[in-house]
Amino acid sequence: MPHPMLTEEDIESYQRDGVVLIRGLFADHVETLRAGIAANMAEPGPYASENRKTGHTGLFFDDYCNWTRIPEFAEVIRMSEAAAVAADLMGSDSVQMFHDHVLVKEPGTSMATPWHQDGPYYFVQGRQTVSFWSPLDAVSDASLRCVAGSHHWPKDVLPTRWVSDEGFFADEGQYMPVPDPEAEGMRIVEYAMQPGDVVAFNYRTLHGARGNTSSARRRAFSLRLVGDDARYTERPGPTSPPFPGHQMKPGQKLREDWFPVIWTRQGTAA
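Residues in the sequence shown are numbered consecutively from 1, following full-length UniProt numbering.
Bear in mind the hints are in silico, worked out from the structure with no lab data behind them.
Worth double-checking, as some hints may not be accurate.
Unchecked claim - Across the chosen pairs, the derived CB separations fall in these ranges:
no. : residue 1 : residue 2 : range
1   : S215      : A35       : 21 to 31 Å
2   : Q174      : Q194      : 34 to 44 Å
3   : D257      : P236      : 24 to 34 Å
4   : H152      : A42       : 38 to 48 Å
5   : G108      : Q247      : 37 to 47 Å
6   : D28       : A192      : 12 to 22 Å
Being a predicted model, the structure only gives us computed values, none of them experimental.
C-beta atoms are modelled at their ideal positions from N, C-alpha and C, and glycine is treated no differently.
Modelling step: build the complete structure from the supplied sequences, incorporating the hints.
Here's what the structure looks like:
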């Protein structure tokens, strides 16, 4: 039987489309996550960015890999149902932490989150992956947008730098150009969401988000997890997040002292 927050149809949709909506997954943790984001913005980590792009208004703050220093994030990762839900979506017997990501678009922020897949930025290879994206403010136009079925594409989409639009790696034919899903008639999935709702999507699912032209800020917390088949892989250059000094070799499971197992079917991991 699937987790009580899921149906068999949810799992089928996730496997088929690479994206599914889960209402209320973080509903009991919204205030904790808001407090964590406030702490993160007050004391940004080394990877924080304000994503200021020429010709655009507002502020788009993002930062990642802070869960080990921000107790509110660690609490939600450990105490919520996220890992158990992730296991059923991925079809995995274990769930390993990869990283957290905070994305805040202040009112009047015109910069969109560009279309991209997460996977090509990461040093993770595997079918069993999931990102959870949860708004901590009600969203409609500023919600996440995903292209259904894009996780099945034969090639990864070229990762780019969000502000400069330059390729993150040199492309020697291993990537496809960033598509224009609206112009190309692709099926774009997006949802009006309440605080604590979650969009779950595969690392290879193409996604993006519009700017925030409303008068309210849009705070979002994202959690990236991996399953049994996830392995370290090398990319053409430094990955994002980089995790310097990890010393892993291609084909190895992610080292558990850095990326702990947080759930197993035999019982929640310590």
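Cross-check of the supplied hints:
As the Cβ distance of S215 to A35 is approximately 23 Å, the hint placing it in 21 to 31 Å holds. For the pair Q174 and Q194, the supplied restraint of 34 to 44 Å holds, since their beta-carbon distance comes to about 40 Å. A hinted range of 24 to 34 Å holds for the C-beta pair D257 and P236, which are about 27 Å apart. The given range of 38 to 48 Å is respected by H152 and A42, whose C-beta atoms sit roughly 41 Å from each other.
Distance hint check: the CB atoms of G108 and Q247 are about 44 Å apart, consistent with the given range 37 to 47 Å. Between D28 and A192 the CB atoms are about 21 Å apart, so this pair conforms to the stated range of 12 to 22 Å.
Checked against the numbered hints given earlier, this structure breaks none of them.
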